[in-house]
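Residue strings, one per chain:
Number of protein chains: 2
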Amino acid sequence: MTARTTSETARDIPEATVARLPVYLRALTTLVEAGTQTCSSEDLAAAAGVNSAKLRKDLSYLGSYGTRGVGYDVDYLRYQIAREIGVTQDWPVVIVGIGNLGHALANYSGFRSRGFRVVALLDADPERHDEVVAGVDVRAFDDLEQIVADQGVAIGVIATPALAAQAVADRMVACGITSILNFAPAVLSVPDGVDVRKVDLSIELQILAYHEQRKAQSA
Amino acid sequence: MTARTTSETARDIPEATVARLPVYLRALTTLVEAGTQTCSSEDLAAAAGVNSAKLRKDLSYLGSYGTRGVGYDVDYLRYQIAREIGVTQDWPVVIVGIGNLGHALANYSGFRSRGFRVVALLDADPERHDEVVAGVDVRAFDDLEQIVADQGVAIGVIATPALAAQAVADRMVACGITSILNFAPAVLSVPDGVDVRKVDLSIELQILAYHEQRKAQSA
DNA sequence: AAGAGTTTGTGAACGCGAGAACAAAACGAG
DNA sequence: CTCGTTTTGTTCTCGCGTTCACAAACTCTT
Ligand SMILES: NC(=O)c1ccc[n+]([C@@H]2O[C@H](COP(=O)([O-])OP(=O)(O)OC[C@H]3O[C@@H](n4cnc5c(N)ncnc54)[C@H](O)[C@@H]3O)[C@@H](O)[C@H]2O)c1
Ligand SMILES: NC(=O)c1ccc[n+]([C@@H]2O[C@H](COP(=O)([O-])OP(=O)(O)OC[C@H]3O[C@@H](n4cnc5c(N)ncnc54)[C@H](O)[C@@H]3O)[C@@H](O)[C@H]2O)c1
Numbered sequence: 001m002t003a004r005t006t007s008e009t010a011r012d013i014p015e016a017t018v019a020r021l022p023v024y025l026r027a028l029t030t031l032v033e034a035g036t037q038t039c040s041s042e043d044l045a046a047a048a049g050v051n052s053a054k055l056r057k058d059l060s061y062l063g064s065y066g067t068r069g070v071g072y073d074v075d076y077l078r079y080q081i082a083r084e085i086g087v088t089q090d091w092p093v094v095i096v097g098i099g100n101l102g103h104a105l106a107n108y109s110g111f112r113s114r115g116f117r118v119v120a121l122l123d124a125d126p127e128r129h130d131e132v133v134a135g136v137d138v139r140a141f142d143d144l145e146q147i148v149a150d151q152g153v154a155i156g157v158i159a160t161p162a163l164a165a166q167a168v169a170d171r172m173v174a175c176g177i178t179s180i181l182n183f184a185p186a187v188l189s190v191p192d193g194v195d196v197r198k199v200d201l202s203i204e205l206q207i208l209a210y211h212e213q214r215k216a217q218s219a
Numbered sequence: 001m002t003a004r005t006t007s008e009t010a011r012d013i014p015e016a017t018v019a020r021l022p023v024y025l026r027a028l029t030t031l032v033e034a035g036t037q038t039c040s041s042e043d044l045a046a047a048a049g050v051n052s053a054k055l056r057k058d059l060s061y062l063g064s065y066g067t068r069g070v071g072y073d074v075d076y077l078r079y080q081i082a083r084e085i086g087v088t089q090d091w092p093v094v095i096v097g098i099g100n101l102g103h104a105l106a107n108y109s110g111f112r113s114r115g116f117r118v119v120a121l122l123d124a125d126p127e128r129h130d131e132v133v134a135g136v137d138v139r140a141f142d143d144l145e146q147i148v149a150d151q152g153v154a155i156g157v158i159a160t161p162a163l164a165a166q167a168v169a170d171r172m173v174a175c176g177i178t179s180i181l182n183f184a185p186a187v188l189s190v191p192d193g194v195d196v197r198k199v200d201l202s203i204e205l206q207i208l209a210y211h212e213q214r215k216a217q218s219a
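First to last, the protein sequences are chains A and B.
According to the UniProt record's numbering, the residues represented by the first sequence are 1 to 219, in order.
According to the UniProt record's numbering, the residues represented by the second sequence are 1 to 219, in order.
If you're looking for bench data, these hints aren't it; they were derived computationally from the structure.
Treat each hint with caution, since some may be false.
Treat identical chains as interchangeable: a pair holds within one or across any two.
Claimed, not checked - With a straight-line cut-off of 30 Å between C-alpha atoms, the simulated DSSO-like cross-links for lysine-lysine are: (1) K57 <-> K215; (2) K198 <-> K54; (3) K198 <-> K57; (4) K198 <-> K215.
All values derive from a computational prediction rather than experimental measurement.
Between the sequences and the hints, there should be enough to build the whole structure, so can you do that?
This is the structure we're talking about:
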């Protein structure tokens, strides 16, 4: 039992744990849908694809939500994790760059069901501005400031070509966005306090290729 | 200098380093395109967005390709990293599930330029089979075995709904695919020797949401 | 009520990765 | 040739994350 530094919920959750909480959340949702009411750390760990000791340690950072000898109440734990992550209410999100990838993202229903709401699709190309994707119309990139201010947007997604990514990020940061998910293969530089996460397809494939090559060599 | 365990090139590169090599490769490509001939570890580290000590340590696992007092020959280093990763020649890749995301992936030109060639697009839905995406026609999922055998495919991409993902993975593994890039939000179980990497959009957003919530709380 | 059987929560050991710091090597000036 | 400057390659230390292992806590049976 460590002393709480500041107020009630001021726990310091390790980054590695934060990255796994969404995985647990998804596994719990699957269990709920299957009608499961209670599960052991072993069960949940299997569903999430992790070691059960790791799972228990991760959950222990949130508090003590299990019952020894019994396990975890699936629905209760799911709510607790959702609350900790902050997805009990919806986060408004803007997507910039409505090309191939932007279209796919806009059409993706998994956002909505997991705590996010796409409030705007922006593109610099005027030819795109007629279009309506998944019920949201594509607007001019210059509408960014207005939309962010009106809707209180804190999270932005970049799906533009790499060359435009830094400029888009700068505009986002300037108008108050503090979390960016970047799909462009570019290293973004942003001020302190702004979080950037990068999703890079080619890198993932190249990592696979490296291991594939090693397999081929040793065979 | 540690003794080589087996043959000449049998170095054991840490996983964290492997994950960064593609980033360095991309940064070097950018430098080449800018006409740069030589760069220091400091320069390259800045372009890749990492610490220069980390960069040097990473590169040292590949060998000693720099010149003290001078730096690295950009083109030479780029080739060495590409060779180490295994992207000096093209890897054939199949994509399964040609929906929203599958279309975007098929249309993505960044594959080709980074060592990968999409040799087949497969979908279970017969209505998709007329279509041609980026010059490749969509074929029946049942053609998987044939294509993998004919083209020597080792890497598969899964872009089907989550429910179908495990079944698709099983079929892939059965016909000899040993590396899988999975976009479906599902935990895949595969035999030893098969690598799976997962790209999960919602998880990335949820991680951002967590930090966003903390920022809001502390403010 | 007590004991047997489960399962959680956590202390402790261990291994890997990050970064600082420095010695070795190359190069150029004089 | 020698010295100063630059930059690499590597050693060392520290901190984080993973995993084991077990005591504490709960349930159920008798
Ligand atoms: N398509 C994929 O599957 C895929 C996969 C991995 C990475 N990526 C990356 O994602 C990004 C988008 O890929 P894509 O295939 O959708 O490209 P795309 O060319 O189809 O779409 C890019 C869109 O961004 C818009 N745009 C350009 N500059 C802009 C600006 N300054 N402000 C606002 N909008 C702007 C363009 O008008 C276009 O609609 C690229 O960086 C690409 O490398 C794509
Ligand atoms: N669209 C996105 O931006 C996005 C983002 C993140 C994750 N994802 C995930 O990627 C996956 C695909 O998303 P999507 O939006 O393209 O869905 P989608 O429904 O548009 O496409 C799925 C495709 O898979 C095909 N399919 C279904 N079962 C199959 C099977 N057994 N074998 C072969 N093909 C099969 C369907 O016919 C369809 O064409 C989903 O799991 C989704 O959760 C999508």
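| query | Checked against the structure, which of the hints given earlier come out wrong? | reply | none
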